[in-house]
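**Q** Sequence:
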Amino acid sequence: MKRTLNIDTLKKIGEDVILKGWVNSIRTHGKITFIDLRDETGITQIVLKEKLDLKPEYILEILGEVKERPDNMKNAEIITGSIEIKAKNIKVLSKAKTMPFPIDNDGYEINEKHRLEYRYIDLKRERLKKNLQKRFETIFLMRKILKEKGFTEIETPILTKSTPEGARDFVVPSRNFKGLFYALPQSPQQYKQLLISAGFEKYFQIARCLRDEDPRGDRQPEFTQLDLEMAFPESEKDIMDLIEEIYIKVVKELFKEKHITEIPFPKMTYKEALQKYGTDKPDLRKNKEDKNELAFWFITDFPMFEWKEEYKKWGAMHHPFTLPQEKNIEEIKKNPKNILAHQFDLVLNGFEIGGGSLRTHDVLMLKTCFEVMNHSEKETKEQFKHYFDAFEYGIPPHGGIASGLDRFFAVVFNENSIREVIAFPKTGDNKDLMLKAPDKISKEQLKELGLK
RNA sequence: GGACCCGUGGCGAAAUUGGUUAUCGUACCUCCCUGUCACGGAGGGGGCUGCCGGUUCGAGUCCGGUCGGGUCCGCCA
Numbered sequence: 245m246k247r248t249l250n251i252d253t254l255k256k257i258g259e260d261v262i263l264k265g266w267v268n269s270i271r272t273h274g275k276i277t278f279i280d281l282r283d284e285t286g287i288t289q290i291v292l293k294e295k296l297d298l299k300p301e302y303i304l305e306i307l308g309e310v311k312e313r314p315d316n317m318k319n320a321e322i323i324t325g326s327i328e329i330k331a332k333n334i335k336v337l338s339k340a341k342t343m344p345f346p347i348d349n350d351g352y353e354i355n356e357k358h359r360l361e362y363r364y365i366d367l368k369r370e371r372l373k374k375n376l377q378k379r380f381e382t383i384f385l386m387r388k389i390l391k392e393k394g395f396t397e398i399e400t401p402i403l404t405k406s407t408p409e410g411a412r413d414f415v416v417p418s419r420n421f422k423g424l425f426y427a428l429p430q431s432p433q434q435y436k437q438l439l440i441s442a443g444f445e446k447y448f449q450i451a452r453c454l455r456d457e458d459p460r461g462d463r464q465p466e467f468t469q470l471d472l473e474m475a476f477p478e479s480e481k482d483i484m485d486l487i488e489e490i491y492i493k494v495v496k497e498l499f500k501e502k503h504i505t506e507i508p509f510p511k512m513t514y515k516e517a518l519q520k521y522g523t524d525k526p527d528l529r530k531n532k533e534d535k536n537e538l539a540f541w542f543i544t545d546f547p548m549f550e551w552k553e554e555y556k557k558w559g560a561m562h563h564p565f566t567l568p569q570e571k572n573i574e575e576i577k578k579n580p581k582n583i584l585a586h587q588f589d590l591v592l593n594g595f596e597i598g599g600g601s602l603r604t605h606d607v608l609m610l611k612t613c614f615e616v617m618n619h620s621e622k623e624t625k626e627q628f629k630h631y632f633d634a635f636e637y638g639i640p641p642h643g644g645i646a647s648g649l650d651r652f653f654a655v656v657f658n659e660n661s662i663r664e665v666i667a668f669p670k671t672g673d674n675k676d677l678m679l680k681a682p683d684k685i686s687k688e689q690l691k692e693l694g695l696k
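Here the first sequence stands for residues 245 to 696, where the numbers follow the working numbering.
Don't read these hints as lab results, they were simulated from the structure. Any given hint might turn out to be false.
What the hints assert, rightly or not - For each label pair, taking beta carbons as the anchor points, the in silico distance ranges come out as:
#, residue 1, residue 2, range
1, ASN674, LYS405, 33 to 41 angstroms
2, PHE421, SER338, 40 to 48 angstroms
3, LYS332, LEU249, 44 to 52 angstroms
4, LYS373, ASP485, 29 to 37 angstroms
5, PHE632, LEU695, 26 to 34 angstroms
6, ASP348, LEU695, 14 to 22 angstroms
To be verified - Calculated lysine-lysine pairs in the PhoX-like style (CA-CA distance at most 25 angstroms, straight line):
#, residue 1, residue 2
7, LYS530, LYS515
8, LYS496, LYS520
9, LYS295, LYS330
10, LYS357, LYS330
11, LYS373, LYS556
12, LYS556, LYS611
13, LYS611, LYS571
Backbone N, C-alpha and C fix where the C-beta goes; we use that ideal spot for every residue, glycine too.
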């Protein structure tokens, strides 16, 4: 006989079924025992007359008959509360030790170090199950929307090259070339632009990005972005319209309890945001008490350059590939401070959930931007040869956006920390408490990598 | 790199101003119970109060250090 899911027992009253699942709870009454059996579809009550040595979280296979409960014994709280299973045979598929902490609550009050060390137990929690399930449904819907719009999802490498700009790179030593290193990608930025040059006019990827910086409640060393890029946008508005459409569809289909403050998403310049709210990611909800309000906002016209006091030089506010609004090369060199870019952020309830822009596709302009940021021509050529080469072989005007999905999920799931929307997150100093990573490697490995 | 908060049985909490045998809930174990669904009832075991040192007649409580976790600043093209 094939296994029946808990939810399907409702259709099988009077029949024998085989159920498989976890013991959620046990209630014994002398000569009668009730087991709440849990599987992914819900909980079903099992009734048995014999005494068995069972404990919570044991994994069972149960042969029994589905019986409708008398009216006064029905339980509206559980999905199969109108029936129960009269057990005929129970097989223990797996025993279980007592859990290290309770799993029948939301878990917020438990010290996170315990939750992260035993994450595979923490994930039994209903709340986290729902978060991950909904996360999947959202990403699935995003893929569907983008496919319908003619986008192609393309995987880009995880082993790549360290770049001088941006965040600290995670680095991987090369075995074949001792003393040389790969870097893990901070984003697929360069790869996706090169895909555009190859003629993939609409690219996207649910992309893992890695940055070796200190985490926060809304940051992890590795995180997931909806990364997309398109050829021939008329302006950055095309990109804003697309990401707006995606988020509106996602909210309307999957987060029906939520309401969006204003559609279309309002726009505000960077300058205005700083003047009015003192931040480039203002929380513009009308009612901050309202758990279900989603205030999406575009912050536009970011400055192209930013003075980096630490290095005493200009850096890119977003990244060096952003297209300046100023077309005059001399003006850019003279007054980097005044140059705005075709760049915008998408902000949600005070969190930056995306940054997009038109990219520079003109080689001279690109060189100018690197020059302002004080990269010598030689250095630029060394670091970005492939990039400049590709541009010289021809690349259409293009632009795109990267949207941080973890932050979006944290907001729509009403979570304070993105750790609650990631299956196996890291701690505040980038450790994996469960696997105990990072960790030492053997002398043999070190030697093989030329590190000792 | 910096600032702040926290650490008490498995888990969550309590313990006047430093004062006797560290308390409670839950989980766990044993027994009783044929209708519970957070079942109920009776009993029981479990702690060098993260670790090291200091102050004191006396430290869970005060001080210093250390380890672990969290929040924020820096950082995050």
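**Q** Provide an ascending list of the numbers of those earlier hints which the structure does not satisfy.
**A** 1, 3, 6, 8, 10 and 11
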